[in-house]
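Going by the numbering used here, the first residue of the sequence shown is number 185, and it counts up by one from there.
Heads up, some of the hints might be wrong.
Calculated cross-link-like contacts (lysine-lysine; reagent style PhoX-like; alpha-carbon spacing at most 25 Å) [as the list claims (entries may be wrong)]:
(1) K375 <-> K252
(2) K449 <-> K435
(3) K252 <-> K332
(4) K229 <-> K252
(5) K309 <-> K332
(6) K320 <-> K309
(7) K320 <-> K332
Calculated directly from the structure, the hints in this document are not laboratory data.
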Amino acid sequence: MNKTQSLREAISTHVEDGNSVTMGCALESLIPFAASYEIIRQKKKELTLICPISDIQFDQLIGSGCAKKIIASWVGNVAAGLGHNYRRAAEADIPHAIEIEEHSNFTIGLGLQAAAMGLPFLPTKSVRGCDFAHDKQFSRVTCPFTGKELLAVRAIHPDVAILHVQRADGEGNAHVWGNFGVMRDAAFAAKRVILTCEEIVDHATILADPNRTAIPGFVVSSVVHVPFGSHPSPCQGYARRDDEFYFDYHKATRSREGFEQWLDKFVYGVADHTAFLSRLGQERVEHLRPQGNLLAPTVSFNY
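Use the sequences and the hints to build the structure in full.
Next comes the structure, spelled out in C-alpha cells:
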C-alpha cells in the first residue's frame, strides 16, 4: 500500500493535540526539523515530547507553545548550550509552564526499547545514584537471580514517532545508515510512525540491500519526501551539519522577542520546507551537500 503524503497532510492526520511524540531519536543527526516546523505552523498543542537529544528542536516547540511535557535528558543547543526557550519555560512559565520528566540518554533508550518489546520495564544498573532516579518513571527492584538492587525503567509508549531517514519506498520500508541511535526502538514503540526521507525509491532498491532496512513498512503510517528535512542536523550522504544555523539560532533566541522574530522568518514566514530552503539560499544549501563520494565496497548476497 502506498503511504506517501505531503508533510502538511501527514502532520494533520497523525499528530493530534495532546499526543506524545518522539523525534530526534538518532541523537545529533537525522533530526526531523521540517516536521517540527510543520507542527508549529499547524499550532498543535499540549504535546508530550520524547527524545534523548533533540538539539534545538524541542526548544523551538517549547517556545512556540506546542509542548505540555518534556521527557528528555537534555534540551538545548549542542553547539552553544542550554536552550533559551526551555529555560524560560522551566524558570518563568514563558510562554507557559511545562512538566519535565528527566532521564539519561540511556534510560530513554531503555524505556523505548521496553515498549518496543512489549515489556512494562527494563532493568539497569546505571543512574541509581542520580536524584531523578527517585522519580516515578523509575522503580528499585531486586534481581531474582543475584539478589542485587537494579533500577527498573518504565516503558515509554509514544503516540507518534517522527523519524528522518535517507531513503524509503512508498510502503515505508526505510534504509538508514550512519548513527541512528534508538530510531528502530522508537518506531516499534509508537502507535503511529511518520517517515520523512531524502529520497523515495522503488521497492527493488530496498530489497537490494536488506541489511540497511532499519525500519519495516508494516510499522509506518506515512512516508513524506522532504529533501534536507533534517537541516540543520546532518544526514549522512546527503547533508552536512549547518553549525552557523545553530549558532545564529542561539544568539537570536536569547530574548523572547528575538525568538518570535526568528519564528516569523523561518517558520511562519514560509509556506513549507521548500520555501524554507529557498530562504536559506541555494548557495548555502549546495555548500551543505557532501562533496564527492565515499563509497563502501560492494558485497555479495548470494548463497
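Results of checking the hints against the structure:
no., hint, in the structure
1, K375 <-> K252, "20 Å, holds"
2, K449 <-> K435, "15 Å, holds"
3, K252 <-> K332, "37 Å, violated"
4, K229 <-> K252, "7 Å, holds"
5, K309 <-> K332, "10 Å, holds"
6, K320 <-> K309, "17 Å, holds"
7, K320 <-> K332, "21 Å, holds"
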